[in-house]
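Student: So the protein sequences, as listed, match chains A and B.
Using the working numbering, read the first sequence as starting at 1 and increasing by one per residue.
Using the working numbering, read the second sequence as starting at 1001 and increasing by one per residue.
No lab work stands behind these hints: they were computed from the structure.
A couple of the hints might just be wrong.
A few chain A positions that, by computed beta-carbon distances, are all more than 10 Å from chain B [said to hold, decoys possible]:
#, residue
1, Ala137
2, Leu185
3, Leu263
4, Met299
Think about it this way: if two alpha-carbon atoms lie no more than 20 Å apart in a straight line, the pair counts; the simulated EDC-like pairs of lysine to aspartate or glutamate are [as the list claims (entries may be wrong)]:
#, chain 1, residue 1, chain 2, residue 2
5, A, Lys163, A, Glu186
6, A, Lys92, B, Asp1003
7, A, Lys92, B, Asp1223
8, A, Lys166, A, Asp225
9, B, Lys1281, B, Asp1223
10, B, Lys1028, B, Asp1223
11, A, Lys94, A, Asp225
12, B, Lys1161, B, Asp1223
13, A, Lys94, B, Asp1251
14, A, Lys308, A, Glu298
15, A, Lys309, A, Glu298
16, A, Lys94, B, Asp1003
Even glycine gets a Cβ: it sits at the ideal position worked out from N, Cα and C.
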Amino acid sequence: MDKIWSMLTDPNMQWIFLGCTLLGLSSGVIGCFSYLRKQSLMGDTLAHAALPGICIAFMLTGIKSIGLFLVGAGLAGVVATFGIGYITRHSKLKQDAAMGIVLSGFFGLGIVLLTLIQHGDYGNQAGLDKFLFGQAASMIGSDVITMSIVCLALITICTLLFKQFKIISFDPGFARGIGYPVALLEQLLMLLMVVAVVAGIQAVGVVLVAALLITPAVSARYWTDRLSLMVVLSGLFGALSGGIGTLISASVSNLPTGPVTVLAATLLFFVSILFGPQRGLLAKRIARKQVKLRYSREMEHRIHDSKKKEAAL
Amino acid sequence: MSDFWILLTGALVASCCGILGVFLVLRKMAMIGDAISHSVMPGIVIAFLLSGSRDSMLMMFAALAFGLLTTFLIQMFQNSGIQADASIGVVFTSLFAVGVVLVSLYARQVHLDQDAILYGEIAYVHWNIWTLGGVNMGPKAVWLLGFTLLVIVAVISVFYKQFKLCAFDSALAAAIGIPVALFHYLLMGLVSMATVSSFESVGAILVVGLLIIPASTAYLLTDRLGVMIVLSVAVGVASTFIGYGAAVMLDASIAGCMVCAASVLFIVAFLFSPSQGIVIKKLRLRQLA
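From just these sequences and the hints, can you work out the full model?
Tutor: Next up, the structure:
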C-alpha cells in the first residue's frame, strides 16, 4: 500500500497514471460505437496492422516519437481497412477470413520489420519491442502529453458528434434518409478507432489494445439500455482498468502493462455479467424465480377456485 | 542438416494448420481460430510450470482444455446476448493476458520468454533432440508435430463426410442426425492441438496466419473440398520454404517471413486465380466486350 502511495506522489508516475486513465476513458467511449456497429474485432485487426506502420515510420525517420507513430500506424490502419473491404467485395471470402488474412499478414510483416530493426544498425531502437505488450512506465513526458491530448481530442469529438454517431450506430439507413453524410461519418468513426488504438499501443501493446475497445463496452451494455449512460459507464470502466493496470504493472517488476489492464477490464466484465440489472446472471435468476413463484401462486388460486366451483355444483 | 530439420518442422506445421484452416474458413470461423491460437497460452504456460519441460503430453492436454474452454465460453457469452465478435474479443484477450502475466511473473524460473511465444524458435528446433536408449531420434518438435498431424489426418479422414456436411450445411447435418455440436468441439480441439504443437516453431500469434491464409488461398483456387485441402497444405508448405529462404537472406524473423510469404501467395491467387482472380476476371470481361 505504501508503495502504491509513494508511486502516486511521484510526479512522473502521476503523469503516466493520468495518461493511461484518459486512454482507457477514450477507448471505452469509442468502443461503445464499434460494439453497437458490430465491428469489435476490427479494433484487433487495426491494432495488429499498426505494427508495420510503426516500424516503417521508425525506419524512415530513426526517431521514437508517438506523433510519427500515430501517422504511420494510422496509414497502415487505413490500408488494412481498405484491404478488408476490397477482399470481401471482390472475392467469395467472407469478412472474418478477410480480417484474419489482413491481421496476420500485417502482423507478420511487422514482426519481420521489427527483427530487421533489431538486427540492423538503427541506434536507439531499444524499447520498440515494448510495443508488443506495452510498458506504461517506459513512456517519457512528451509521449504522455501527446497521448493525453489525443485522448482528450477523441472524447471531445465523440461528445460533439454524439447525436450523429448514435444514429449511424442504430439505423444508418434512417441517417442517410435525413441527409447525414453517413459514409463520411463511418470513415470518421473508423479513423477515431485507429487513433484510439494507436494511442494505446505504447501503454497496452498491439496484441491486447483491442480489449480496451471491446471489454468495457460489453460490460457497460449489461447495466443499461441507454446509449448516453452506456458511453459514460464504458468510459468509466475503461478509465478504471487503465488506472489499475498502470499501478499494478509499475509496482511489480517485469510485468507489462497491457495484460494487467486487460485483466482489470475482464474483472469488471465479470462483475457486470453477474450483477448487471435485468441482463446480469443474478438478476435473471431472481426474475425467473419470481415468475415461477407467481405462476405457482396463480395455479394454486385457480385450483382453489375450481374446487369451490365443484363444491357449489 | 539444421536446414533440413527446420524445413521439415515448417512443412509439418503448415500441413497441420492447412488441413484445419480449410474447415475454419468454410465454416466462417476464421476469427475463432485466431482466438484459440491466442487463448491456449495460459494452458501452455501452466503445463510448462508444472512439468518444467516444453514438449510434454501434459502441455498438449492443457492446451486442449483451454482451447475447448475458449470455444465453450465464446458460445456461452453469445447465448447470453453478447454479439459474436465481441464475445470472441473478450474471451481471447483475457485468456491471453493471463498467459502473458504468468510468463512475466515466472519468466526467470522457466525457460520460456515472450519472444519465444511471439516469434517461435524454429531456428533452434534441431538442438532439442529426443534420445531413446541412447539413440538419436531427431528433434522432439518433429515427433510432436508428426504425432499431431497423424491425429488430425486420422480424425478428419474417418469423419470426412460429417465434417464436410457440417462445413457446408450444418442445418441439414443436424436434421439427418449428425451431432453438429460434437463435431464443432472436435474441430476446435484439433485446432488447439495444432496450435500448441506449432507454437514452439512459429509462435502463438503467427499460427493463425498459417491457419487462415493458405486455406483462403486454396479457397480462391478451387470449388472442391478435397482439392482445397491438398492445395491448402501445398500453399502452406510452399510458404514455409519461401519464408525460410527469405528469412535467411534478410536475417529476419523466420515465422514472420513465413506468414509474409503466405500473404504474397494469397495476393497472387487473389489477382490471378483462374476462376476468381481479379485480373483474370477483368481480362475475360474485355474479351467478351
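Student: Would you mind marking each hint as holding or not holding in the structure?
Tutor: Hint-by-hint comparison with the structure:
1. Ala137: 13 Å, holds
2. Leu185: Since the minimum Cβ distance to chain B is about 21 Å, Leu185(A) lies beyond 10 Å and the statement holds.
3. Leu263: 5 Å, violated
4. Met299: Since the minimum Cβ distance to chain B is about 29 Å, Met299(A) lies beyond 10 Å and the statement holds.
5. Lys163(A) <-> Glu186(A): 13 Å, holds
6. Lys92(A) <-> Asp1003(B): 37 Å, violated
7. Lys92(A) <-> Asp1223(B): 11 Å, holds
8. Lys166(A) <-> Asp225(A): Distance ~13 Å between Lys166(A) and Asp225(A) Cα, so the pair holds.
9. Lys1281(B) <-> Asp1223(B): 17 Å, holds
10. Lys1028(B) <-> Asp1223(B): 16 Å, holds
11. Lys94(A) <-> Asp225(A): 31 Å, violated
12. Lys1161(B) <-> Asp1223(B): With a Cα-Cα distance of about 16 Å, the restraint between Lys1161(B) and Asp1223(B) holds, given a limit of 20 Å.
13. Lys94(A) <-> Asp1251(B): Violated, at about 35 Å.
14. Lys308(A) <-> Glu298(A): 15 Å, holds
15. Lys309(A) <-> Glu298(A): 16 Å, holds
16. Lys94(A) <-> Asp1003(B): Distance ~37 Å between Lys94(A) and Asp1003(B) Cα, so the pair is violated.
Comparing the model with each earlier hint shows violations of hints 3, 6, 11, 13, 16; every other hint is respected.
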